[in-house]
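Q: Reassemble the complex: the two chains are provided individually, in unrelated frames, and hints are given to aid placement.
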Amino acid sequence: MKRFLSLSIFAIACSSLSYGQQIYGLMTKTGSFVTGNNTSYLQAPVGLPVGSIDNSKSTEIAGTGNIFTTKGNTLYYVNFNEPRIYKFAVAADGKLTKLADLLLPDGDQLPHIVDMLIVDEKTAYAMSYNVFRVFKINLETMKVSGTIDLTSLEKTAYETSTPEEMIIRDGKMYVGMWYGSGLQNALVIDTAFVAVCDLSTMKLEKMITDPRTLMVGYGCSAIDAMFMDEVGDIYVGGSDLIDGGQGIGPGGLLRIKKGETTFDKSYFLNLDSLCGNRKTLGTTYLGNGIMYTMAQYPEAINITNPLSRYLDATMKHWRINLVTKAVDELEEMPYSKGLFFSYLTKVGDKYIMPVGGPNNDNAFWELDATTNKAVKKITLAGEPFGLFPINKNITADLGQDKNLQVQTVVFPNPVRDELNVLIAATATGTATIRVVNLMGQTLFTTQRDINSPEILFTTDASTLPVGVYVVEVSTATAKTAVRWVKE
Amino acid sequence: MKLLLHVFIYCLFLLFSGGLFAQVAINGVVKSNLGEALPGAIVVLKKENRTAATDENGQFSIANLPVANSYGVAITLLGYESYTQKVVVVGNEAQLNITLKEKRTEKRAVEITAKTEEQRISQGAETVTAIDVREVQNRSITTQELLTRSSGVRVRETGGLGSFTNISINGISGKQIKFFIDGIPLENTGYGTGIINLPVNLIDRIEVYKGITPVYLGADALGGAINIVSNKDVFSYADFSYERSTYNTSRLSVNTRALTKSKKAFVGLNGYYNHSDNDYKIDGEIQNTTTFETDTIRARRFHDQFTSYSVQAEAGVLQQKWANQLVVSANAIGYEKDLQHPFSTSRIPYGMARIYEQGMRYELKYRIDSLLQKKLSLSTYVGFYTVTSRFLDTSSNVYNWLGEVERRKNFKLGEFGPKHDLFSFTNNLSARVNATYRITKNNSLNLNLISNSILQRGRDTLYARLVNKGKDIYVTPQYVRKNVAGLAYQLNLAKDKLINIVALKYYRIDTRISEGGGVISLTADTLPVNVSKQNYGFSEAIRYAFFKEHLFVKANYEYATRLPDQFEVLGDRVFIIPNTNLNPETSNNYNFGFQANAKGRLGKLNVEANRFYRDTRNNIFLVISQAFAQYQNIARVTVKGYDGEISYAPLPFIQLKVNATFQDIRNRSDTTVVQTAGIDKRYFNARLPTIPYYFGNAEIGFAIPNIAIAKDVLQVYYTLNYIQQFYIAFDIDGIEATKARVPEQYLQHAGIAYSLPRNRAGVSFEVHNFMDKRAFDNYKIEKPGRTFHVKLRYFLSKY
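Protein chains in written order, with the numbering used here: chain F, 1 to 487; chain C, 1 to 799.
Calculated directly from the structure, the hints in this document are not laboratory data.
Please read all numbers here as calculations on a predicted model, not as lab measurements.
You may find that some hints are simply not true.
For each label pair, taking beta carbons as the anchor points, the in silico distance ranges come out as [as the list claims (entries may be wrong)]:
no.: 1; chain 1: F; residue 1: K376; chain 2: C; residue 2: F662; range: 48 to 54 Å
no.: 2; chain 1: C; residue 1: E293; chain 2: F; residue 2: G247; range: 52 to 58 Å
no.: 3; chain 1: F; residue 1: T304; chain 2: C; residue 2: N427; range: 51 to 57 Å
no.: 4; chain 1: F; residue 1: K95; chain 2: C; residue 2: V763; range: 54 to 60 Å
no.: 5; chain 1: F; residue 1: T459; chain 2: C; residue 2: K469; range: 56 to 62 Å
no.: 6; chain 1: C; residue 1: K681; chain 2: F; residue 2: K325; range: 40 to 46 Å
no.: 7; chain 1: F; residue 1: I301; chain 2: C; residue 2: P528; range: 23 to 29 Å
no.: 8; chain 1: F; residue 1: G247; chain 2: C; residue 2: R407; range: 57 to 63 Å
no.: 9; chain 1: C; residue 1: M771; chain 2: F; residue 2: E205; range: 28 to 34 Å
no.: 10; chain 1: C; residue 1: T394; chain 2: F; residue 2: D349; range: 45 to 51 Å
no.: 11; chain 1: F; residue 1: K95; chain 2: C; residue 2: Y746; range: 31 to 37 Å
To be clear about the criterion: a stretch of chain F counts as covered by chain C if any three or more of its residues have a C-beta under 8 Å from a C-beta of chain C, and this derived list gives those stretches [unchecked claim]:
no.: 12; segment: 51-64
no.: 13; segment: 107-116
For each residue, glycine too, the CB sits at the ideal point set by N, CA and C.
Here chain C stands alone, though its shape is the one from the complex (with noise of 0.2 Å):
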């Protein structure tokens, strides 16, 4: 306050004293070193408490300046080092040519000198690996396949685009791993297949934390997070992408923001568009329908297409007094999916059933830095979803792999089963606290908040009249709430070499069913149902930097929580029916890794490797017999494994990656404890099938400037995805021979693109798989072969 208050009986002496003598002004322009203006860069006169940005032509003024031996000039513009200078003005007008360096626009080609973001996070006390994304922006890449790209990382499709997804962060997956967006854990937010289909443009980076969870990605993430963090630039931008691939593929991305000219407000629209027809081919048997002779043929897919879209709008004001940060958006989302078959197998193709799902988020977000002189900073969150899906199978006809009718089954069975027009409706309240206390320089607190409350009822008026004499069990409301909490003390020593972190977590369910329904086994007499589940949480991570941070040696351990979702405790009220004893999925995870990196005459290298351990308690798994299913704690699984990553760049524009993942998956269950599951002693710690465990990458680009113009880049890439193969079930049972199996696959993938100077516009052309090799994530559940890819991004940027 004392400073403030300094500052401000200055700028009144300032405003006297500039009417009382004569006055100066500082004109400039400022420019590249490649000689190109450039607009936006903020000049500061800070004794004189003066700014200004540079127009479109790089120029600036700043006049009425009181008369002074010097200024301190300090221009800085993102992307760029900052300048500072001390200017002597003779008369009353100075007029500067400033060059600002670049600091990083093409990682490939030049040379990095301050830490990115994406080197700051992996270079902390956690086990993550940082995907910056821009670098890749111009590419026909989606945000699924960077995550597949990278090491540890490895997300299975049961098809094309839009397609079921299974993400697995070393060998933990599905429901054990969380996604958020800047920070905001996605659970029923209407994302319906994930968030791997949001378009990269609109992404900055990718987190992916491996077996530990910070405490401010506040979700009961077994065996980690991932993280899209979304681009939040501070200038006005417009960028446009559109990529056109392959089997009537679309994807459109449009990402803008307007800031007002002294940078504290901004509004934004964004959005995208997804479509495929994803008409590939794959095997499909063919029936004679007198004879039965079958025939297997290629047969196109008929019924897969799949439509996303959603469009955002947020306005906010940035760098006041009493808010660094205040944003709210509005989000409109939905999709639109075809089902070709079931989801275990492709033998039967489905020609009507769909899935549609529409929503609408709101979102407020407040952040503050500047609390108790500066030592608290606290960021909250508010968001409210809406949304509704539905689910459409209500044809009884039966399809055969050329896309004809051939029959038409029982009036009450649609596709997949019983007939369904099911409409799902879910409220979704949350909200987040969190909150770093900046105890000393080197001491800091984190403590985070989380509440997500969701409200859920059907509709399935369909149902009801064919199953259930006209009485719909999907009306029952289904009321959960999940709160996390989490604490966090950061500790640095040794300036900075050392980082520990420790946290303690606490997680809690409740879940509440409140009237009756279809729910079998609960009657009225038993309503209302309340489940609360809760468990604590731990975790301690260190990092030190040696050698003047070329090398970082981590070791971290969370005990990590993952509790019942509604669905796992309530059921789906017709197969699977409640588990209210259902306990928590728990897990204790160790990392053991190191980063190194070196520069020299040879060129530049980076080093990474992790040795992890997980083991598994009480995983949930749905048991199927001959009437129902139900979700049971019945497995404990342990893996051990390794992952690691070598990129080197011999020359600044020759990129080299490799990365590989071993993980060694074991089942250790308890084979006393529940016989109903089959868990037979024989497989005790035997390999658990269906399960990739050797997986790898490697990646080559050049990225050439200058081709035509001045820094202008051609980038050529080949990219090299293997996956040793594996087996269905238990390697100890069968002739190797007759094993079922996903075979072991080489995926080939090439690319060019060119971009203009700074990213303003570029054109790409990529073919995935060229080789049209087959390629399965499941078994005998082909994804498709080659495609074709032409993408155009047109960035406009204006300060």
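Next up, chain F with everything else stripped away, as it sits in the complex (with noise of 0.2 Å):
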């Protein structure tokens, strides 16, 4: 999910901020083994919580929460027993109003929305389990505006198939899929499968396939399994964590460089064999070449109880440099529940990261992602589902006008070589970039059209004296400026 990149990059452009007035949605699943059901709770505290946080304030919703996640001062959340998004309003005392639903059509069998990918304030797209569509959503009027036709991709021998997971550049969407049979005991085929569809037509372009991995993510979550890095090349992980029983994997990462549409022959990482030969789910990029993965330890495993690797605690993260290829286990961890608990959020300079440890032991721990130590810093009750900033009381802080719809984001920073401007916008149109020093001379501008959510503007910086510079995109409707240092 690619949401989770401009997460991280929003987090790190303000990390300079003080957060006691930021409001956080927060959400966690309690069980309810009476009824087999499952049930949400969803709140927006102000302010991170200290100790421990209950759900006495929280929103109920019945049934499991699949994902949910935060645009602006509004939060969405997506039910697991149905294919319906919730958008509710945050308040400034974290009071959530909901403001309106959207169903999707269900799929064939375990209907719930497989993925949503918020790009800015008015547009997000999502995908219902089991049908083969993007759906594109106008969040302000949570209707669907338009859809791209994935129906050539279905395949009737695999009747669990499903597009999985989405992200975009460039006008482009990349689309996740995977294909399994056997019903309720999924035989998952042994391939990655991406769609490459065009968003400036809403058609699917081509299908593209690779046998060292098989299916994109997990088929029916939250987990992230797709991101983009600082210099645009797109990762795609594969999954061997359900394999149903046929033995079949690895579980490891391909790449669609920056400018192709096709995998990268001459890149794979086996994250099996990286991560001690365990099985392995999920990636989460913290930028600057880490990522963390989870990764299943049989020893965890209650071999008594046949459920207990689907249910139980039995997952750890592990930290990848994806550059040099070093592997450590995050230590002094508890085992985890790992379906749930990719997302790992930016506060401050450390992340915050869910578990769901032994004896619903839930809590959000903070990780330290340079030192790869975590301590646990608020206890939950129900299994954590992420924390997510909510974009209320800082965005004046950021620069940025609440009427503009640019979010701009130079990565690294400071930079050494090269300059990376990431542009969010919600319209299409042109925006002009330019490159300022403190005295205000522009140094360098240039336009670039805006025909994705998101658009990476990449130039060489290496011959720019040290020193601190201005970069401003502005439209025709918005304008922001970021500071950067040149070391």
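A: In structure tokens, the structure reads:
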């Protein structure tokens, strides 16, 4: 899910801010063995909770939540029991008010939203499990504004197939797919599939496949399995956590290089073997080549309980350096339930990491990605589904006008050789990118067509003198400015 | 034997002497106190060993009597007080005009002098509610409504007639409650949707045992039992009733029995037919297939028809020297049910999936009361059932709430999931022996042994072809044998003021799966798998009657067990995997209560209250994961509560009844045992959600006799059902306003019924839920709103 990337980069940009008044969207899931059902609890605490937080101030939604996410001052929640998206307004005191909901069509079985990608406050894309379509959603009206037809990719022999995950780059949407049969005990096809769609025409262009790994994502959850790095390369994570007992795999990373729409034949990272020949799930990219995944430890599985491998805490986070291939297990951590907990949210210079430990020891841990150590921070009443900042009080601090629909991030910052400017925009049009020094002199200017919700502009900055600079991005209606440092 | 010999010699004497002397005849006519001729009354001259029965005009005649100074005439008729009189015959013929006083025809209108069977049962040592069904047989009431209206009991339905139901008694529900017909446990007997579809006209009374199950009901009931006692009148009758109600609902029931003149043999035929379209309206979402916008409409249920039927023929002999009762019966039984939506939600409608079931039951019952100088009564039962059920889900159609086909699914998929055309063949052999030995007048022993063997196999060639490359995983036979033994000792002291019953029980289940198949985790080298589970039980019940039986105080305790059944142990062969380590559920059940009755110038009052406590352990729940599910012993639950009922008749023709139940069901599960099930320690001691905890009923009825003709009755009645709202998730979580709930409900019903004297015929009209409130037992699964009912009943009796 691309959302993660933009959020984490967004967090980098505001890392110098005070977090006292930041509102967070927080969801936990509780199990009720009586009904066999689960219940979701959504809340928006003002400030990062200290010590613990329960569900007494949460909005209850019957049924398991699948994913939720935030954009602006709005919180979106997606139910697991039906393909429905709920929209909540978040007030300054953290009160949630349901504004609308949108039901997408059901698939043939297990109806739920399999992925939602929010581009900006007006636009999102979502997919319903087992439905071969991408739905473009107008978030203001909560109505479907267009679809990309993927039905030609539906293979009737594989009845548990679904498009699984989306990512957008340069006006193209890449849709991770998976094909499985055997109904409940899915027999997964041992190949990775990604559909490439053009967003300007809303048409499927082609499907690319690679047999080196398998299903993209988890087929039914909020696991991040695709991300884009600073250069603009897309990584696609295959997972073998559920392999239908076929012993297929391995889980690993494929790459679609910037400017290309095919898998990079020269690149494959076998995550299973890097993590000590364990089954892996999920890709969470933090930037600067650092990624986390989760690996399942067979010794943590209670072999007397056949449900243990799916329900118990059996997984640990691993840090992976994509450049050096160095791997480290996250130390001194309890096993965690892995299935829903791959989100890492940057707060300050650390990350908030959801951990569903043994015996319902549910908490947010604070991860220091530099030292690869984590400490338990906030105890929760229910399994954690992530913590996301709600973009409310900090918009002014960011140097952005609330009405501007352009968001600009510079990375890495400080810049050594290459200046990367990531521009997130809500509308298409033309953006003017200017680099100015502190004296206000324009050193460089160019124009780019904004044809996708996020565009990456890269230029060589190696010849610039050391110092502080500003990059300005302006459109007909919006203007942003971000400071950066040249080393 | 000595006595018999005396009688024999005396009879011989009479026989011979009769020929030698002049003969006398006694003729007469028997009438009721209202002047109606009473057919079928039995006239006995005990000394002379002569009997006769009255004809249609109430007349009888006994001729060829030896001359005597006087004759002791005794006349009995069911429903009337018996009559005994010394008759002196002047001349050689006597004409008697005898009036019998009615004992009990209409409880509401007529003062009860004798104890009814319901009173006798509810005044026993067990905590039990006995529901007299006869008094409502003219009404449009169902067995399940009768249960719902009694205290401590809650019946939850997923829809209209034939929907899936869950019955709870004092907070314990589902498989933990066992059902019986005439003391015979119903396990896999073809009553697929439960005995609550039995028409009330076939039933005499319903006994609801709460937390304590008497030994003669031999089954592994954890929290109580419901025993349905069928009509057993010893006269010839035919009872026809037909009810017609909203949503094309019909209920027909026929119950006939013909006795020989001597009343020592009978044949009977009874049956029922129920049907409903269940096409009531509920909220349904309709999605536009191009704009994807949704609208909620009041949608008519379009695939929810239900039909059930039963035909039973029986024949038997009664009151023989060698048998007080010997009955054989054959019963064809079946139902068909459309499945409108999945079990847990009505969001997605189904339009084709169905269930069928057909079965035959053969039974032999034998009872003798006069063994060992009448100290030993023995009753035995052997039953064989064969039931075929079929789950048919072969359509890939996707329906919307307008009943239209929107699209088609993958060809391998039906509406519920993978396509199925699943036949299940169940053969069930059960046998029961019950012996009561009366040691002295005040001491008795009751021994009950019951064995129930089930052989089950299935066939689903469609699923095999589509999913398993032709290999049919359902053909694997499963064999289950369940044995329950119980021994009770009853002691009556202080002229029956004190009753004490102490009992021991033993439970055992053996399950066996002998061949491979699709059972995951069972491979050829682990087969055959035999799983045996056993446990012991104990119960103690004491009751004392104070103030000349105006107050009964009772206390009882049972350590009860429910054995896991074959589905829980062996799974469903697809999604639910076996758990051969599954242990029995156990419960410590305590009851303390009283029953008081008073009668005076201000009317008649009956008050009952019961305080109960249950501590159930190893509760079996289905734990669901992404790939599999499994039944596991995960929970410990306690129930504390009370139920009570007050009935008051200020005047003979007015009856008021109010009852209420409060059951505080708490989670006490050990959070450290199984983490898989997600039993969070935060919920320790929290009230279990999804289960109603406070509910009650109020009823007022008027029964006005002599409206058009003498002894007719017009009844007018009103009932209110109340359920407190309850949450779907634990109440410590979430803002109250946002919590999912089943709302508080007041449902009101009213009716009027007219019946001819002695219930010869009746007609009733009722409106259920006349305020047309939305009714729910389960979250967002709506039940029918207002319904209109008309019922006709015709009752013919001949003696």
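Q: The structure should be examined with respect to each hint, and the outcome stated for every one.
A: The hints, checked one at a time:
| no. | hint | verdict |
| --- | --- | --- |
| 1 | F:K376 / C:F662: 48 to 54 Å | violated, 41 Å |
| 2 | C:E293 / F:G247: 52 to 58 Å | violated, 46 Å |
| 3 | F:T304 / C:N427: 51 to 57 Å | violated, 34 Å |
| 4 | F:K95 / C:V763: 54 to 60 Å | holds, 59 Å |
| 5 | F:T459 / C:K469: 56 to 62 Å | holds, 59 Å |
| 6 | C:K681 / F:K325: 40 to 46 Å | holds, 42 Å |
| 7 | F:I301 / C:P528: 23 to 29 Å | holds, 28 Å |
| 8 | F:G247 / C:R407: 57 to 63 Å | violated, 36 Å |
| 9 | C:M771 / F:E205: 28 to 34 Å | violated, 60 Å |
| 10 | C:T394 / F:D349: 45 to 51 Å | violated, 60 Å |
| 11 | F:K95 / C:Y746: 31 to 37 Å | holds, 33 Å |
| 12 | 51-64 | holds (count 9) |
| 13 | 107-116 | holds (count 3) |
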